[in-house]
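> Residue numbers (the working numbering), protein chains in the order written: chain A, 1 to 484; chain B, 1 to 309.
Worth flagging that the hints you see were computed from the coordinates, not collected in a lab. Do not rely on the hints blindly, as some may be mistaken.
Chain B residues, not near chain A, derived (Cβ > 12 Å throughout) [said to hold, decoys possible]: (1) I113; (2) N177; (3) R186; (4) L249; (5) F295.
Sample of chain B residues facing chain A (criterion: CB under 10 Å; computed from the structure) [claimed, not checked]: (6) W84; (7) R101; (8) F118; (9) F244; (10) S287; (11) A290; (12) G299; (13) L300.
Just so you know, even glycine gets a beta-carbon here, dropped at the ideal spot from N, CA and C.
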Amino acid sequence: MAGPAKNVPADIQKPAGAQAKAEARRDGTQPPVPTGKTMQDSLRDALTAAVLVGVLGLFFINVRTDIAPGGLDVTTRWVAWFVSILIAFAGRLALNVFVFNARKPATETLGKKVAALGNAAPGTGKWLLRGLFIFACILPFFFTMLFPGRDRQFIDLAILIMTYIMLGWGLNIVVGLAGLLDLGYVAFYAVGAYSFALLAQYFDFIGFWVALPLAGLLAAVWGMVLGFPVLRLRGDYLAIVTLAFGEIIRVVLLNWYEFTGGPDGISGIPKPTFFGLELKRGEGGFADFFGIAYDPIHRFIFLYYIIFALALLTNFVTMRLRRLPIGRAWEALREDEIACRSLGINTRNTKLTAFSIGAMFGGFAGSFFATRQGFISPESFTFLESAIILAIVVLGGLGSQVGVVIASVVMIGGIEMLRNLGFLSQVFGPGFDPVQYRMLIFGLAMVLIMVWKPRGLVSTREPSAVLKEKKKIGADMVAQGEGH
Amino acid sequence: MEYFVQQLINGLTLGSIYGLIAIGYTMVYGIIGMINFAHGDIFMIGAFIALAMFLILTSVLGFAFLPLVLLIVVIVAMIFTSAWGWTVERLAYRPLRGSFRLAPLITAIGMSIVLQNFVQITQGARVKPLPPQIQGGITLMEGNTETGAIVVQLSYMQIIIILTTLVLMAGFTMLINRTSLGRAQRACEQDRKMAALLGVNVDRTISLTFVMGAALAAVAGLMFLLLYGVIDFYIGFLAGVKAFTAAVLGGIGSLPGAMLGGLLIGLIEVFWSGYFTVEYKDVAAFSILAIVLIFLPSGLLGQPEVEKV
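Next up, chain A with everything else stripped away, as it sits in the complex (with noise of 0.2 Å):
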């Protein structure tokens, strides 16, 4: 836990270069400063930590209210509270010692190796990144092989990634690429999912592939009924309206409920064919026409492939878009707004159409995630999504595309493996669940990741438009996400 402040440097008295600075020593890529601190100074910052952490928990850790029968009733657990206690300090010290006092501090070697690694072979991205794709190609059949009894469990983890890295690029091009900052993108997928849904139920005849073009049309409308009252508004203005507008379309869908079935949701949502067939067991199915046996993990590679070639739209239209005039002004509308009114630039439609294109992919996504799952209600579309799917897109670094995919396997992967860790409460005795320390997790590595790299896991890109020779550029040139 924190420590008294005197002993960091208050980061906004330092010049604009001594935060590029410090984040290259955290690096590992410039030797660090020795702080001079003592043995003294580093126990008695743990025994800062450790009465703030006692302060904290009091009411937390220590004291628990309990429904009882006739009113409320308190708990102590004192021994639980003294173990936090203990925890913090031991951990502060530890801290202390060997990363922030240390003369060589023991991240710095590790730090060191990765730099290292990237200096040695530049190519070995561009190769990471073509074996990364290969892997997505193959990896149904990758499970499929190596692992008989669990595949069907990763393969839909697998699934599960490719919608939020399908959401990630979606939402990149609002907030990457035109700097809008949108809390509510789960609007989006939540009218693509209502629209399949609704269509499906109304009509017969409407099946995935009819109500997917569909969907993604809806959606990106309702992207311009959001966008238009707003393209006066800046910054932070205009990412409340865009929660309120997300919490709207929620509690619209919460309570109409002759329409949308409100809490209940829809369920009995049709499956995706292939060209027509069905995946299903006996004549006319799948399997049936292409004479193999019958393996109900046939629907969920096909879904993987559906959901994976969606992506791969994404990102190609996305790629696309940015060498196209309109890309281009949604990179400079995000560097200067004032400067792009000057130079001619329609600044209405640039943003109408960021809004509507990145709501169009989530509909994709939302009528992808409707036929996945079969069932849908408002539950699944909290902001609480939202916030997931722009974390990913700010922690794998805004505008990047590469960053988005390592942040949702990490985030979302993470979270899901940590489902599996059962064996826990052997270790913590039985009452030990470690499936609700998940979002305790989830937030923790938000913030630890934000702190660790301000600017996203890969905070390098390509810039779009050139004048002479293509440069890396850092981040930090560009002033991403300020809105205006």
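Dock chain B against chain A, hints included.
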């Protein structure tokens, strides 16, 4: 008419709570220009501390004199919630000061998730009901409508909430306008680098801003607990969003604006539930925000941004 007056009173009460939370948002936004998403959860933390302290005093230690109990609860809640506010700033925002703008927003959302889940784990996910503590009130008017007799009542609880809010607002305005701390805050708001050069301890001033915001949120948390009698780990989200909406509606960065916005949001919500449908009260509040912002892009009392080239 009677119904209208009653709704007006209810709206002002709810609006006072929103206003107190909104001040925390608007101050932080004014001084470092970030949305402190975790502030709603600080309010929730305040409500939980108040509940625990209240139960310790009444059922464990056996205090019976309610005004004294409430006084101790409010002081303890303010102190401990301030510690939380300080820690959140120290851990999640200070390391990112001077970084680009979305970074602290993401840590704020992360902190909000952390606080919610921390409270859920340590205190359980079930709601905590507290029976009404302050009962009775003053009957203002009585009337008859076609559905039966209607009584307009101003309950003691509502009087306490509105009076406390007024006192805190007055004290707070004094603090900002008259003391050296307030001067330092206003200086940091205008130009942090220049303030640092002139000897203002910027880090300390920002920390104190968070501490003050958290203390006000703790008072709001106690009021919420006493008014509604039910809290859970999730109350912070909606209250936070509403309060932030209030801050934006009033013009973010402006203290009277936050209070005005809070009262407006409270009134809109109560009148909408009273005259139309209770389900769509949030939609009404958010729609009015959107409409106001279309015509006044910097809120009701906010100063329009000057575009510098």
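> Taking 10 Å as the limit, does the beta-carbon of S287/B come near enough to a beta-carbon in chain A?
holds, 7 Å
> Does the claim that N177/B lies off the interface hold, with its Cβ farther than 12 Å from every Cβ of chain A?
At roughly 24 Å from the nearest Cβ of chain A, N177/B sits farther out than 12 Å, so the non-interface label holds.
> Against chain A, does L249/B keep a CB gap of more than 12 Å to every residue?
With a cut-off of 12 Å, L249/B comes too close to chain A, as the shortest Cβ separation is near 9 Å.
> Does the nearest C-beta of chain A fall within a distance shorter than 10 Å of the C-beta of L300/B?
violated, 13 Å
> Taking the minimum C-beta separation from I113/B to chain A, is that value above 12 Å?
violated, 3 Å
> Using the nearest Cβ pair, does R101/B come within less than 10 Å of chain A?
holds, 6 Å
> Given G299/B as an interface hint, is its Cβ closer than 10 Å to any Cβ of chain A?
This hint holds: G299/B lies near chain A, its Cβ roughly 8 Å from the closest one there, short of 10 Å.
> Classify the hint on W84/B as holds or violated, based on whether any CB of chain A lies nearer than 10 Å to its CB.
It holds, given that the least Cβ distance between W84/B and chain A is near 6 Å, below 10 Å.
> Can we keep the F118/B interface hint, with Cβ of chain A closer than 10 Å?
OK, holds: F118/B within 10 Å of chain A, min 6 Å.
> May I ask you to check that F295/B keeps its beta-carbon over 12 Å from the closest beta-carbon of chain A?
violated, 9 Å
> Given a cut of 10 Å on the nearest C-beta pair, is the interface hint for F244/B held or broken against chain A?
Holds, because the Cβ-Cβ distance from F244/B to chain A comes to roughly 6 Å (cut-off 10 Å).
> Please verify that the nearest CB of chain A lies beyond 12 Å from R186/B's CB.
At roughly 16 Å from the nearest Cβ of chain A, R186/B sits farther out than 12 Å, so the non-interface label holds.
The structure fails hints 1, 4, 5, 13 (numbered hints given earlier, in ascending order).
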